[in-house]
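**Student:** Under my numbering, the first residue of the sequence shown carries the number 6, and numbering increases by one thereafter.
Simulated from the structure, these hints should not be mistaken for lab results. It is possible that part of the hints are untrue.
Taking lysine-lysine and the DSS-like style, the derived pairs with C-alpha atoms no more than 25 Å apart in a straight line are [what the hints assert, rightly or not]:
#1 Lys48 / Lys33
#2 Lys145 / Lys157
#3 Lys155 / Lys145
#4 Lys139 / Lys48
#5 Lys173 / Lys157
#6 Lys139 / Lys33
#7 Lys150 / Lys173
#8 Lys131 / Lys48
#9 Lys33 / Lys145
#10 Lys44 / Lys185
#11 Lys173 / Lys185
#12 Lys173 / Lys155
#13 Lys188 / Lys157
#14 Lys139 / Lys150
#15 Lys188 / Lys173
#16 Lys131 / Lys145
#17 Lys33 / Lys44
#18 Lys131 / Lys33
#19 Lys139 / Lys44
Label pairs and their calculated CB-CB ranges [stated by the list, open to error]:
#20 Pro101 / Asp184: 23 to 29 Å
#21 Gly67 / Arg162: 20 to 26 Å
#22 Leu170 / Phe192: 22 to 28 Å
#23 Ile183 / Ala66: 32 to 38 Å
#24 Asn104 / Leu170: 31 to 37 Å
#25 Asn79 / Ser27: 15 to 21 Å
#26 Ile183 / Thr57: 31 to 37 Å
#27 Asp78 / Lys157: 44 to 50 Å
#28 Ala154 / Glu117: 38 to 44 Å
Positions of the beta carbon are idealized from the N, C-alpha and C atoms, including for glycine.
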Amino acid sequence: MIRLAAAAFALFAAPLAAQDFSANSEAKTWNLYAEVPAKFDAKVVDVMCEITGDCPADCGAGDRQLGLLRSADNVLVMATKNNQPAFTGAVVDLLPYCNQDVTVDGLMINDEDFPINNVYLVQRIKAGDADWAKASQFTKVWATKNPDAKGKGPWFRRDPRINALIEKEGYLGLGLEIDKEFKEYLFE
Numbered sequence: 006m007i008r009l010a011a012a013a014f015a016l017f018a019a020p021l022a023a024q025d026f027s028a029n030s031e032a033k034t035w036n037l038y039a040e041v042p043a044k045f046d047a048k049v050v051d052v053m054c055e056i057t058g059d060c061p062a063d064c065g066a067g068d069r070q071l072g073l074l075r076s077a078d079n080v081l082v083m084a085t086k087n088n089q090p091a092f093t094g095a096v097v098d099l100l101p102y103c104n105q106d107v108t109v110d111g112l113m114i115n116d117e118d119f120p121i122n123n124v125y126l127v128q129r130i131k132a133g134d135a136d137w138a139k140a141s142q143f144t145k146v147w148a149t150k151n152p153d154a155k156g157k158g159p160w161f162r163r164d165p166r167i168n169a170l171i172e173k174e175g176y177l178g179l180g181l182e183i184d185k186e187f188k189e190y191l192f193e
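Using the sequences and the hints, build the whole thing.
**Tutor:** As structure tokens, this is what we get:
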């Protein structure tokens, strides 16, 4: 277990001589702490596969976190966000490129004082000579998978899975009784 943890940490740790991947990046700033533009070549990988060796052929069909195994230094970069305002993740945008070599452009969150670096917000992606694709497919894919979730407001207010969890565990996730007590406290 200790060796597995050490191997996982090594995958995410910033290299001693960190490279500058900002050259030619067209990433738009989000004004996030420790963000830097980063454009690089990588292989789209299933993170669980890289760490444990459990490797389904289709990168988990969208049910697993995907990452970018950077070509320049073989560092596993966590692609945790796409180009949309909500933090919906980048799996939907990366899944069509499962186990393929791509070029990505976005923002790297890198803080030398933080033990896990290389958290990435992918804004655009391309494979080979193809045109750049904007990494913003999550809500379109979500709408296709949830045609009955009609109404106003953001997707997460209408998502059946989220609403079922709220109905079961409350808005705070601590149970319906705690939610009730919290609301009473707030509105006394």
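**Student:** State for each hint whether it applies.
**Tutor:** These are the hints, each one checked on the structure:
Between the alpha carbons of Lys48 and Lys33 the distance comes to roughly 23 Å, so the proposed pair stays at or under 25 Å and holds. Restraint check: the Cα-Cα separation between Lys145 and Lys157 comes to about 15 Å, which is no more than 25 Å; the hinted pair holds. Between Lys155 and Lys145, the direct Cα distance comes to roughly 13 Å. Compliance with the 25 Å bound is thereby established for this hinted pair. Of the pairs offered as hints, the one joining Lys139 and Lys48 holds, with about 18 Å between alpha carbons and a cut-off of 25 Å not exceeded.
Simply put, Lys173 and Lys157 have alpha-carbon atoms about 23 Å apart, close enough for the 25 Å limit, and the pair holds. Restraint check: the Cα-Cα separation between Lys139 and Lys33 comes to about 12 Å, which is no more than 25 Å; the hinted pair holds. With a C-alpha separation of about 22 Å, the suggested pair Lys150 and Lys173 falls inside the 25 Å cut-off, and the hint holds. Between the alpha carbons of Lys131 and Lys48 the distance comes to roughly 11 Å, so the proposed pair stays at or under 25 Å and holds.
A distance of roughly 22 Å separates the Cα atoms of Lys33 and Lys145; the hinted pair therefore holds under the 25 Å criterion. Between Lys44 and Lys185, the direct Cα distance comes to roughly 48 Å. Violation of the 25 Å bound is thereby established for this hinted pair. Distance hint between Lys173 and Lys185 is fulfilled; the C-alpha atoms sit about 13 Å from each other, no more than 25 Å. Pair hint Lys173 plus Lys155 holds up; C-alpha atoms about 21 Å apart against a cutoff of 25 Å.
With a C-alpha separation of about 24 Å, the suggested pairing of Lys188 with Lys157 holds against the 25 Å cut-off. With a C-alpha separation of about 20 Å, the suggested pairing of Lys139 with Lys150 holds against the 25 Å cut-off. A hinted pair counts as satisfied when its Cα atoms are at most 25 Å apart, and Lys188 with Lys173 qualifies at roughly 16 Å. For the given pair, Lys131 sits about 19 Å from Lys145 by alpha-carbon distance, which is consistent with the 25 Å threshold.
A C-alpha spacing of about 12 Å is found between Lys33 and Lys44, which places the hinted pair at or below 25 Å, so the restraint holds. For a cut-off of 25 Å, the pair hint linking Lys131 to Lys33 stands: about 17 Å separates their Cα positions. Our distance criterion of 25 Å between C-alpha atoms is met by Lys139 and Lys44, whose separation comes to about 14 Å. Distance hint check: the CB atoms of Pro101 and Asp184 are about 39 Å apart, inconsistent with the given range 23 to 29 Å.
Taken as a hint, the range 20 to 26 Å holds for the pair Gly67 and Arg162, whose Cβ atoms sit roughly 22 Å apart. The supplied range of 22 to 28 Å is met by Leu170 and Phe192, whose beta-carbon atoms lie about 23 Å from each other. The beta-carbon spacing between Ile183 and Ala66, approximately 35 Å, falls within the hinted interval of 32 to 38 Å. Checking the proposed 31 to 37 Å range against Asn104 and Leu170 shows it holds: the Cβ atoms sit about 32 Å from each other.
The given range of 15 to 21 Å is respected by Asn79 and Ser27, whose C-beta atoms sit roughly 20 Å from each other. Roughly 35 Å separates the CB atoms of Ile183 and Thr57, a value that falls within the hinted 31 to 37 Å. Range check, Asp78 to Lys157: Cβ separation about 46 Å, and the 44 to 50 Å hint holds. Taken as a hint, the range 38 to 44 Å holds for the pair Ala154 and Glu117, whose Cβ atoms sit roughly 42 Å apart.
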